[in-house]
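*Asks:* Use the sequences and the hints to build the structure in full.
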Amino acid sequence: MILDATVDGQRHRVEVVGGRGRYTVTLDGRALDVDWQPGPGPFASLVVGGRSHDIGLEPWSGGYRVLVAGHEFDVELSETTGAGPENPRPAPAGPARLTAPMPGRIVRLLAEPGQEVQAGQGLVVMEAMKMENELRSPRAGRVAEVHVRERQTIETGALLVVVE
Numbered sequence: 005m006i007l008d009a010t011v012d013g014q015r016h017r018v019e020v021v022g023g024r025g026r027y028t029v030t031l032d033g034r035a036l037d038v039d040w041q042p043g044p045g046p047f048a049s050l051v052v053g054g055r056s057h058d059i060g061l062e063p064w065s066g067g068y069r070v071l072v073a074g075h076e077f078d079v080e081l082s083e084t085t086g087a088g089p090e091n092p093r094p095a096p097a098g099p100a101r102l103t104a105p106m107p108g109r110i111v112r113l114l115a116e117p118g119q120e121v122q123a124g125q126g127l128v129v130m131e132a133m134k135m136e137n138e139l140r141s142p143r144a145g146r147v148a149e150v151h152v153r154e155r156q157t158i159e160t161g162a163l164l165v166v167v168e
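If you count the sequence shown from 1, position 55 lands on 59 in the working numbering, and the numbers rise without skipping.
Any given hint could turn out to be false.
[As the list claims (entries may be wrong)] Label pairs and their calculated CB-CB ranges:
hint, residue 1, residue 2, range
1, G13, G98, 28 to 34 Å
2, W64, V111, 15 to 21 Å
3, R55, V18, 17 to 23 Å
4, L36, A144, 31 to 37 Å
Calculated directly from the structure, the hints in this document are not laboratory data. Positions of the beta carbon are idealized from the N, C-alpha and C atoms, including for glycine.
*Replies:* Structure below.
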């Protein structure tokens with residue numbers, strides 16, 4: 005999965021590969037080995053490059069509020085297009101693929117194939133790290149495919165819904 009992450013106004017390209025708590029995260033071209041273990045409530049333990057970090061995550065509409073070592077910051081996430089400040093993002097064209105941002109379990113399906121949806125409308129409720137997260141449509145359109153079912157366990161990057 006490849007995402008754009010904006011932290012304190014700085015945009016970063018993030019690629020996540022792996023699963024089951026072990027990932028390779030490439031941040032702006034620099035690969036890092038990451039081990040992820042969910043903790044109680046909104047907390048987790050990360051080992052990044054051999055260093056251990058306890059973190060807190062609170063989902064919000066555009067990403068997560070993150071607490072690390074007493075510092076709190078917002079991380080805005082979006083699917084990458086390769087666009088930068090000099091290349092503005094083009095208008096969405098073709099099918100939009102909603103993928104799992106992290107491992108978890110599908111709690112509820114909020115849309116079905118053939119249903120018309122608006123940009124930002126909830127499509128799937130996913131439980132990750134003992135928190136429920138509503139994953140929303142990246143654009144207006146018609147739900148073409150639903151690739152998951154309720155109570156299904158999924159890995160990072162799993163295809164959930166396609167909107168045309």
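*Asks:* With 15 to 21 Å as the target window, see if W64 and V111 comply at their CB atoms.
*Replies:* Because 18 Å falls inside the window, the suggested range holds.
*Asks:* Do the beta carbons of L36 and A144 sit within 31 to 37 Å of each other?
*Replies:* holds (36 Å)
*Asks:* Is it true that R55 and V18 lie within 17 to 23 Å of each other by Cβ?
*Replies:* Hint holds: Cβ distance 18 Å, inside 17 to 23 Å.
*Asks:* Is 28 to 34 Å right for how far apart the beta carbons of G13 and G98 are?
*Replies:* holds (30 Å)
Violated hints: none; the structure is consistent with every hint.
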